[in-house]
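Visitor: Spelled out, the chains give:
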Amino acid sequence: MAELKTVGTSIPRKDAIEKVTGLAEFIEDRYMGPMLYAKMKKSTVAHAKIKNIDASRALEHPGVKAVLTGKDYPNMIGLYLIDRTFLAVDKVRFWGEPVAVVAAVTEEAAAEAVELIEVEYEELPAVFDPREGIKPDAPIIHENLADYEIVPIFYPKPGTNIANHFKLRKGDIDRGFEEADMIIERDYYVPQMQHVPIETHKAAVQWSPDGKLTVWSTAQSPNVVRQLLSKSLDIPMHKIRVISSYIGGGFGCKAGASIEGLLVPIAQKYPGHIIRIVFSREEDMQGTFTRQALYSKLKTGVRKDGRITALQYEMIWDGGAYTEYGVNIVRAAGYSSTGAYDIPNVKTDSYCVYTNNSIGGPVRGFGMCEMQWGIERQLEAIARELDMDPLEVRKLNGMKEGSTTAAGQVVHDLDYDQCLQVVADKISWGKKESGSEGKFRGKGIAGLVKCPAQPSNAASSAIIRINEDGTAHVMIGATEMGQGMLTAISQIASEALNIPVDKIDIKVPDTDFTPYEWQSVGSRITYTCGTSVKRAAEDALGQIYCVAADLLETPQEDLSFDGKKIFSTKDPEIKATIREVADSCKKCTGEGIAGPIIGRGSYVPTNMTNLDPETGQGNPGLFYCFGATGVEVEVDSETGVITVLQLASSIDAGKAVNPQLCEAQLHGGTIMGLSTALYEEVRFDKGIMLNRNFTDYKIASIDNTPHIDSFILETPETKGPYGARGIGEQPMIGVAPAIANAVCNALDIEFNTFPLTPERVWQAIKDKKNSGA
Amino acid sequence: MSEKITINFTVNGEKEQREAVVGHTLLRFIRNELHLTGVKEGCGIGECGACVVLLDGKPVNSCLVLAVELDGRELVTIEGLSKNGELDRVQQAFIDHAAFQCGYCTPGMILSARALLDRKPNPTDADIDEALSGNLCRCGAYQEIRGAIKASSGK
Numbered sequence: 008m009a010e011l012k013t014v015g016t017s018i019p020r021k022d023a024i025e026k027v028t029g030l031a032e033f034i035e036d037r038y039m040g041p042m043l044y045a046k047m048k049k050s051t052v053a054h055a056k057i058k059n060i061d062a063s064r065a066l067e068h069p070g071v072k073a074v075l076t077g078k079d080y081p082n083m084i085g086l087y088l089i090d091r092t093f094l095a096v097d098k099v100r101f102w103g104e105p106v107a108v109v110a111a112v113t114e115e116a117a118a119e120a121v122e123l124i125e126v127e128y129e130e131l132p133a134v135f136d137p138r139e140g141i142k143p144d145a146p147i148i149h150e151n152l153a154d155y156e157i158v159p160i161f162y163p164k165p166g167t168n169i170a171n172h173f174k175l176r177k178g179d180i181d182r183g184f185e186e187a188d189m190i191i192e193r194d195y196y197v198p199q200m201q202h203v204p205i206e207t208h209k210a211a212v213q214w215s216p217d218g219k220l221t222v223w224s225t226a227q228s229p230n231v232v233r234q235l236l237s238k239s240l241d242i243p244m245h246k247i248r249v250i251s252s253y254i255g256g257g258f259g260c261k262a263g264a265s266i267e268g269l270l271v272p273i274a275q276k277y278p279g280h281i282i283r284i285v286f287s288r289e290e291d292m293q294g295t296f297t298r299q300a301l302y303s304k305l306k307t308g309v310r311k312d313g314r315i316t317a318l319q320y321e322m323i324w325d326g327g328a329y330t331e332y333g334v335n336i337v338r339a340a341g342y343s344s345t346g347a348y349d350i351p352n353v354k355t356d357s358y359c360v361y362t363n364n365s366i367g368g369p370v371r372g373f374g375m376c377e378m379q380w381g382i383e384r385q386l387e388a389i390a391r392e393l394d395m396d397p398l399e400v401r402k403l404n405g406m407k408e409g410s411t412t413a414a415g416q417v418v419h420d421l422d423y424d425q426c427l428q429v430v431a432d433k434i435s436w437g438k439k440e441s442g443s444e445g446k447f448r449g450k451g452i453a454g455l456v457k458c459p460a461q462p463s464n465a466a467s468s469a470i471i472r473i474n475e476d477g478t479a480h481v482m483i484g485a486t487e488m489g490q491g492m493l494t495a496i497s498q499i500a501s502e503a504l505n506i507p508v509d510k511i512d513i514k515v516p517d518t519d520f521t522p523y524e525w526q527s528v529g530s531r532i533t534y535t536c537g538t539s540v541k542r543a544a545e546d547a548l549g550q551i552y553c554v555a556a557d558l559l560e561t562p563q564e565d566l567s568f569d570g571k572k573i574f575s576t577k578d579p580e581i582k583a584t585i586r587e588v589a590d591s592c593k594k595c596t597g598e599g600i601a602g603p604i605i606g607r608g609s610y611v612p613t614n615m616t617n618l619d620p621e622t623g624q625g626n627p628g629l630f631y632c633f634g635a636t637g638v639e640v641e642v643d644s645e646t647g648v649i650t651v652l653q654l655a656s657s658i659d660a661g662k663a664v665n666p667q668l669c670e671a672q673l674h675g676g677t678i679m680g681l682s683t684a685l686y687e688e689v690r691f692d693k694g695i696m697l698n699r700n701f702t703d704y705k706i707a708s709i710d711n712t713p714h715i716d717s718f719i720l721e722t723p724e725t726k727g728p729y730g731a732r733g734i735g736e737q738p739m740i741g742v743a744p745a746i747a748n749a750v751c752n753a754l755d756i757e758f759n760t761f762p763l764t765p766e767r768v769w770q771a772i773k774d775k776k777n778s779g780a
Numbered sequence: 227m228s229e230k231i232t233i234n235f236t237v238n239g240e241k242e243q244r245e246a247v248v249g250h251t252l253l254r255f256i257r258n259e260l261h262l263t264g265v266k267e268g269c270g271i272g273e274c275g276a277c278v279v280l281l282d283g284k285p286v287n288s289c290l291v292l293a294v295e296l297d298g299r300e301l302v303t304i305e306g307l308s309k310n311g312e313l314d315r316v317q318q319a320f321i322d323h324a325a326f327q328c329g330y331c332t333p334g335m336i337l338s339a340r341a342l343l344d345r346k347p348n349p350t351d352a353d354i355d356e357a358l359s360g361n362l363c364r365c366g367a368y369q370e371i372r373g374a375i376k377a378s379s380g381k
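Line order of the protein sequences matches chains A and B.
Heads up, the final residue of the first sequence is numbered 780 in this note's numbering, and it's a clean run with no missing numbers.
Heads up, the final residue of the second sequence is numbered 381 in this note's numbering, and it's a clean run with no missing numbers.
Among the hints, a few may not be true.
Which stretches of chain A does chain B cover? Using the computed rule of at least three CB atoms under 8 angstroms from a CB of chain B, they are [what the hints assert, rightly or not]:
id : stretch
1  : 25–31
2  : 192–206
3  : 675–681
Because the hints were derived from the structure by calculation, they are not lab data.
Nothing here was measured: the structure is a model prediction, and the numbers come from that model.
Note that CB positions come from ideal geometry on N, CA and C, so glycine has one too.
Take these sequences, add in the hints, and give me the full structure.
Guide: What follows is the structure, given as structure tokens:
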């Protein structure tokens, strides 16, 4: 590969100056026009029939323009399984489910009117634990599951609460266990967490009398919002415009379509008005996707030499009240169920179960944090049982070039051994330090892998316009929520066009003007959008050469472009400036040759397949990104407080398009992982979410974040743009198990759940003492 | 109609006289009346620091201060930090160190950092951690933020 000029350099972020001066425009910063403010009336019970809604007093309240209930608006919506309505219809399925929405001339009037709505419920038996919900005699939450429309790669069981049963069978599980010298069985539990982006969910809609719907949204995917609204409301796509601003953090909770459609009937009643909804922090905690809780059982067969011969993995997921998106997390965790390890015989059953808890949905890692918690804790248990070095057990079973995943997909372009080794070296693996009195030190390591969990037809596209002066506009449909997409994509465009990056403009999407992008999720944009941008650049460049060849009367193969001019490599005097070519290109006689240069690029994966419904075998991964986390902890046996002394994180980026931003992502993901490992757990009492603010739900702040040593490996991704692959979610995955492994190393206590709060750790130390172990 | 009070104050170096609704927060006043939208709401109850502005040089959560309390005081928002098109050192250091991702907490974060440096030009890591512990960043740019503040120190 020729030497790269822009890709691989740490240029400042494209959005840097806007973001440090307060001028970066988020959705709520935009003046849109005459406004009506919307507020939701939420259910006060988790599972109940709606007997009656009396909105008469709310409608009479001064300033109130409209009250909408589910009866008026029964349209259904969903990404993979269409099981949701915008407002509860006939029954509510979780505490806090919207049952009505009020629009008023001020936020205060709307809030006051919400309190005047009276809802009569008849409570139904509820399900708060998916292990109960999966039983045949459990109360049914979705009676009409059989009638729901679903993408045919999911397998719901009508008449039960199972929204998806993903099955995977690789090799011969019975023979695998027969070949083992030892069988190791453990149960694990991962609780719900919340994303808590600092910007909550917000949306605004406007209906124009000519039938055009304009939507402003914090959504991670404007194109999916458009697609789902089009289907749900039966409005053609060219009559729906979805506009993105900068997004104040996504982490998965703003994927799919969430709140945009809620306001459409009100907008239709008041054409020209902007109807806006802004979620409070409490609403954001309670009413948006949570990470699904996971109850899992692992059974592994292992030989004396440490080789794993068989894995049986049962996962029971708390899908919450609606699983339109969650069914795919359950599927992704299922087809990835060996984690970063090559295990020949696998039997996996992954169940998505409806409960009356908050809605489950995508979170950074998309099931991998939860599923690989079990894998990485199990690897530790195996090492302990065999008295082997946990690092060696990982390397022995770890994936290598040509290994197969649980789904039987062959993996390429990886160096998992090295991911493990760099973090091990950093924390001086194998050297046990002793703590001061009453304090115990330990070291732990965990590996990780993730591929984007996307449908095999998830596409990207790009348009590049070359301006009259040789500068360029890159138009794409990906969103900027902090990950640095605008910067990385500009660098790819700059590299491919050979135009300096400061001469390239790039903006966040507007579906009326920017081309299709599936979703900014799954750590896929650098790869997928990057590939389409590279193709668009190559298309533009091809046109430039073609036009220049005509203009200069020189064969294309003799031409070269240096970013400013196109010239003959045989005679540098034969040249044209990009300015001369970019506009309507004409000869000195005045005869026209070609109009403005517009490059286009499209991309859809060609290496993915559907999976066999019985065995789960096939190619679900676009690319696989590996990494590892290593930690050293000190545990205070008096208080149960864990202090993280060392935290090292590695990721194989293929090619770091912007090393500084890549490292920032690595740090950010590691901190989010650390925060979930030590602090975060959504608590419910009969479906009522108890911790709905930052005081009750703690996330990592600067004063409890240790220094992170980061390592970016670059094993090129053969088909990625300039060898790059996505890394946004991955650094989070290994942190919780690495910390638990280190705590286990320090205390000789196995923790099968997290967060490892002082209370939980202290209790375990006490229990161990009392049992005399 | 809600009762209003006339208040006199300085915002980003300019003297202003405005009517403020009794009961409205300073955050709401700054965004809706002064149209300075760099200040953000993240929680509305003083837990996240996204709405930090400088009041008489001290960082405050503007969601916890009433608009009428602005009377007779000096307000600095993120828009007032750069002078004549020149970025403040902290702003430049945040860019150089990639000390933000989504940018939503950034105005509050930078103003808290500015206030710290005004008070203590050479802060230790512990000083930084203490001064910024009320500013949450879910993107997890803390390590970069520490680096940026260190790089802006001594001036």
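Visitor: Each hint needs a verdict: does it hold in this structure or not?
Guide: We went through each hint and held it up to the structure:
For a cut-off of 8 angstroms, the count of residues in the stretch 25–31 of chain A with a CB near a CB of chain B stands at 7, and the three-residue condition holds. Coverage of the stretch 192–206 of chain A by chain B holds in this model, with 5 residues showing a Cβ closer than 8 angstroms to a Cβ of that chain against a need of three. With 5 residues having a Cβ less than 8 angstroms from any Cβ of chain B, the stretch 675–681 of chain A passes the three-residue criterion, so the hint holds.
Comparing the model with each numbered hint stated earlier shows that all of them hold.
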